[in-house]
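Visitor: Take the sequences, apply the hints, and build the full model.
Going down the list, the protein sequences come from chains A and B.
Per my numbering, the first sequence starts with residue 292, numbered consecutively.
Per my numbering, the second sequence starts with residue 292, numbered consecutively.
Any copy will do: because identical chains look the same in the list, a pair fits if it lies in one copy or spans two.
Here are the computed lysine-lysine pairs in the DSBU-like style, where the Cα-Cα straight-line distance is at most 30 Å: (1) Lys359 with Lys480; (2) Lys480 with Lys395; (3) Lys359 with Lys395; (4) Lys480 with Lys527; (5) Lys509 with Lys452.
What the hints contain is simulated information worked out from the structure, not anything from laboratory work.
There are 2 protein chains.
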Amino acid sequence: MNASIVTGQQARQASRNNKTHSASTSGLAPGYLQANLIILPSRYANDFRNLCARNPVPCPLIAESANKGCDNAVVSHIDNLRGDEILGEWCDLRRDAPHYMVYKDSKLEKSHCDDVVAEWTDDHVAFLIGCSYSFETALATAGLPPRQLLLGRNVPMYRTKLRLCPSGVFQGGTYVVSMRPYKRRDVDKVRDITRRFGATHGEPLDWGWEAVERLGIKDIDRPEWGDAPLDGDGKKAFGEMRGQIKSRDEDGEFKEDEDEGDEEIPVFWGCGVTPQEAVMRAGLEGVVMAHAPGHMLVLDARDEDLAR
Amino acid sequence: MNASIVTGQQARQASRNNKTHSASTSGLAPGYLQANLIILPSRYANDFRNLCARNPVPCPLIAESANKGCDNAVVSHIDNLRGDEILGEWCDLRRDAPHYMVYKDSKLEKSHCDDVVAEWTDDHVAFLIGCSYSFETALATAGLPPRQLLLGRNVPMYRTKLRLCPSGVFQGGTYVVSMRPYKRRDVDKVRDITRRFGATHGEPLDWGWEAVERLGIKDIDRPEWGDAPLDGDGKKAFGEMRGQIKSRDEDGEFKEDEDEGDEEIPVFWGCGVTPQEAVMRAGLEGVVMAHAPGHMLVLDARDEDLAR
Numbered sequence: 292m293n294a295s296i297v298t299g300q301q302a303r304q305a306s307r308n309n310k311t312h313s314a315s316t317s318g319l320a321p322g323y324l325q326a327n328l329i330i331l332p333s334r335y336a337n338d339f340r341n342l343c344a345r346n347p348v349p350c351p352l353i354a355e356s357a358n359k360g361c362d363n364a365v366v367s368h369i370d371n372l373r374g375d376e377i378l379g380e381w382c383d384l385r386r387d388a389p390h391y392m393v394y395k396d397s398k399l400e401k402s403h404c405d406d407v408v409a410e411w412t413d414d415h416v417a418f419l420i421g422c423s424y425s426f427e428t429a430l431a432t433a434g435l436p437p438r439q440l441l442l443g444r445n446v447p448m449y450r451t452k453l454r455l456c457p458s459g460v461f462q463g464g465t466y467v468v469s470m471r472p473y474k475r476r477d478v479d480k481v482r483d484i485t486r487r488f489g490a491t492h493g494e495p496l497d498w499g500w501e502a503v504e505r506l507g508i509k510d511i512d513r514p515e516w517g518d519a520p521l522d523g524d525g526k527k528a529f530g531e532m533r534g535q536i537k538s539r540d541e542d543g544e545f546k547e548d549e550d551e552g553d554e555e556i557p558v559f560w561g562c563g564v565t566p567q568e569a570v571m572r573a574g575l576e577g578v579v580m581a582h583a584p585g586h587m588l589v590l591d592a593r594d595e596d597l598a599r
Numbered sequence: 292m293n294a295s296i297v298t299g300q301q302a303r304q305a306s307r308n309n310k311t312h313s314a315s316t317s318g319l320a321p322g323y324l325q326a327n328l329i330i331l332p333s334r335y336a337n338d339f340r341n342l343c344a345r346n347p348v349p350c351p352l353i354a355e356s357a358n359k360g361c362d363n364a365v366v367s368h369i370d371n372l373r374g375d376e377i378l379g380e381w382c383d384l385r386r387d388a389p390h391y392m393v394y395k396d397s398k399l400e401k402s403h404c405d406d407v408v409a410e411w412t413d414d415h416v417a418f419l420i421g422c423s424y425s426f427e428t429a430l431a432t433a434g435l436p437p438r439q440l441l442l443g444r445n446v447p448m449y450r451t452k453l454r455l456c457p458s459g460v461f462q463g464g465t466y467v468v469s470m471r472p473y474k475r476r477d478v479d480k481v482r483d484i485t486r487r488f489g490a491t492h493g494e495p496l497d498w499g500w501e502a503v504e505r506l507g508i509k510d511i512d513r514p515e516w517g518d519a520p521l522d523g524d525g526k527k528a529f530g531e532m533r534g535q536i537k538s539r540d541e542d543g544e545f546k547e548d549e550d551e552g553d554e555e556i557p558v559f560w561g562c563g564v565t566p567q568e569a570v571m572r573a574g575l576e577g578v579v580m581a582h583a584p585g586h587m588l589v590l591d592a593r594d595e596d597l598a599r
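Guide: Here it is in structure tokens:
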């Protein structure tokens, strides 16, 4: 039934009726913005909003509940978009993501439940954080599709030692990054394409094999979230490609080539798992809720609305 | 004559007439906002604006030229302030900072010149970046005056290894931080006071002796900019205080005390030297201008206007 889901509202309706059975919302309602969802007790709202303001690359705040306890309207944090353009009349933040996670006093209570109607209170505030699905469409359109899409895998995500600027109770957190391999010669183009998507992580924050050490990533082949990255054929671990330069000749065979631009290198972007990690790390009291990983809230605004 | 300078406009008028002879604008027109000034060829404006948007803690962008080449009006980057409230009718970005630095093709051409009338072209764009003078007033008012103010010294500033999120031509830059010593027990209060000043670096980004290593600061007693930090009496190097706990007894004598809260630790904030460093590092072509260190542009908006 996914082919019949072409708008954000249709995607939310399917979620609400528990009719989305995909592994993720990737590819649902193409061109519509998808958001990470974090729902907090109101006493943490100021600190969280400020955490996002201080760390906009990994935590791009798009919108939040119109007021405390409001589950059906948002105010915008994007200059050129109103709240009702981001999420229109027909929305229910408690039911419109396909699956939710529920934490009580920082311990997981429920995993992948269909809604949080029972848990939501008039003291909760929902935050919508940008997601990299937006710029992936733009990369694919420009002829530079992310490898994990071609291979039907999830994007690899890594914990780093790059520290967030703290905000109130949110201290000691670090960036989580997503990684997509590109040829060295294509990095500038990839940077240019994703730069416009400032509200969904924007251009890469680092790249190259040296960046793996710089960011403190333990093992490029063992991401903390998502699937392990592979070479272009989907056969070898991506880490084995380090220092290898390969390109296909006219017969479709691999050959050695000395042009440095052909080397594939890891390219890293800020990742929306960052604020979730920061929330988990803060040891909050009370009930905290989030979408289940990969099962985003689909919005009424379009990717292009966010491109600056 | 400084006592007669009570408004931002008066401070700028004195600068324009070359009548400010202080070592810095610190303490001029108390309560009025002061800004770091960076003036770039227009082709770098988008990348620089984006650099600030991606790194708001060390690079809090307050305003910029109303349009390319405009030297007498700004547009605001602060939600609740208009451009003409930040810098009103009577302003001249080429003359209203006490002293300027001029760089040509990334090499210093002029140091501490009185104006940049000859260098300014209709292709230049001026950027105004927040400065920590704003929250220092608030700290002093709350009974927690920064030590360097009490000792009549400049705040120490350090290069770190904490990397900025890159933006276009601005790559590989790192945070510059300022440091003010506080007792461990006062850190939460200091965080609360400065948090409101999000447009002028906000709350600290790290603190404690462990932060010195974490940030990659080479020697706490040898800052890259400003004056070396001292103990409370202004006699010993601050680095010697590491692990020492002292408090005065009733007779005013120092005594040993076992309460950890009495230990003085370094507290670090984002610093407005960061964007200048990033600009220098980028190896830009053409004429780049900036205020001379410490000789800020005094604005018409007040510190309290920026406090959220």
